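Colleague: The residues making up each chain are set out below.
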Amino acid sequence: MKNGMRLLAIAALLLARAAGAQTIEGILVSPLHPTPHDRVALTVVGTQSPDCPFVWQEPERDRVYPAFFLTAKLPTCSSPPQPFRHTFLLDPLAAGTYYAQVRLSNLPYGHSFEVFQVVEPSRLLSLAENGLFQVNVSWRNPKDGTSGAGFAQRLADDSGAFWFFSPDNVEVTVKILDGRPVNGHRWVFIASLTDLAMDVTVLENRNDCLSLPTFPPSCPTKIYSQEAGKNRNFIDVNAFEE
Amino acid sequence: MKALLRNLTLAALLCAPAVHAVEDYTAIRIEPERPTPNDPIHITVTMGAQDDPEFHLARIQGNRIEIQYTTYAYPDIPPPYVKWTYETTVGPLSAGLYTVEVQEGGYPGYSKTFEVAGPDPSLDLLATDQSVFTVTVDFQQPGSDQRSTAYGVPLTRQSGYFWFFDPDNAELTVKILDGRAVNGRYWVFLASMTDLEFTARVTQCPANPASDVPCVSREYHGKPHANANILDVNFQGL
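Residue numbers (our numbering), protein chains in the order written: chain H, 1 to 242; chain A, 243 to 480.
Treat the hints as calculated values from the structure; they're not laboratory data.
Since the model is a prediction, treat every value here as computed from it, not as a measurement.
Honestly, I wouldn't trust all of these hints.
As the list claims (entries may be wrong) - Covered by chain A, according to a simulated footprint, are these stretches of chain H (three or more residues, beta-carbon under 8 Å):
id, segment
1, 132-143
2, 165-171
3, 201-209
4, 214-228
5, 231-242
Claimed, not checked - Between beta-carbon pairs, the in silico distance windows are:
id, chain 1, residue 1, chain 2, residue 2, range
6, A, Q478, H, A41, 23 to 33 Å
7, A, D362, H, G145, 36 to 46 Å
8, A, R422, H, P142, 34 to 44 Å
Don't be surprised by glycine CBs; every beta carbon is placed ideally from N, CA and C.
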């Protein structure tokens, strides 16, 4: 039975190839780490003939499983194919694991399930040297008395950003470089895109000090403060001596 | 032909991954998250199963990276399932689209598609009307007269950053907000974490490329040996 299924699956794949130049390569998910605040973009990538492109239906969500089905009719024309991208924007999703699958309505099988995670946003950013440094941002608006903590977005190993009100609206970027070969210190760079009051706290988890049962943690810490109504950057090339 | 289609449908149904069995643990992670043609690519696969899935890298065929596993279902043993992890490294891979496909016994299961791309000298940000802002940046090399191109990385639909020397080292963050409801203009923010001299160009073009409406553009300069942000709340858009 299993051999029969294998043959059928191979036949299905061969049929897909024989269907012509129209191919589905997969689904790209954006942003890379969506949160429940984001609209998730599912971009189907592949090739199609400009003369008869795929005609897509609205994404369909499974009633039971956390899965989305992106359905199109497989066009049949033989003109040379070109790469295409077709993006579906989903409404924000609760945290969890989700699947997306391309289905071609005139073929009796779907592609493999693209898996992606929606995660709760973190208020803590781990940066540089395998996450040795932990950064958080607290903000205050003295005009209306509101305050809060920024949500972290990782940019790269050494760089990250924080948003306050909308994930599309970055308010602070931070990077930490290892300047020890030059002057024996790490270098902290903070660029502000806000005029709200804020404190950027950078903590070095030296000798795994965060695991000690002390509060506040007995870790080397630096706080960079911006006053309300100001917009200032910080470049501290004398932070966290070795 | 009809019988073949029926069999194919049946095969597809039988081959469908047991989503409910693995959904709590199923994940495929790619490192680095935005690989270039110079990077080895580290793949981490996790899934839930009752017994060791015995993962192995099956083959790399074209742009498909196939990882296979075998699970043994014990109907009498209820969940919870144990989390299993498999790690492998492939590449570097040439620029293009790739799919990691995790297969059970050779049948398609779940997958992750990712793009290997060379550094991009421009950054496209979307306006609320779907028109596109293209941002480019060049900078003065320290200690020389040469100018170099900075490379853009998208962060969200309306923001991104540029790196100069190292992809891990963001130098300039850009966001463009639609302030037209307030003052009829777009707001361009450039947050600098460098003291090198740079020039940023922001160009907005119509959503429809066939449109006769010309693109609009503005340049912003960061002075040498200074670190300052640029906040322009008067970008006259299209």
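Colleague: Checking against the hints above, which ones are violated?
Modeller: 1, 3, 4, 8
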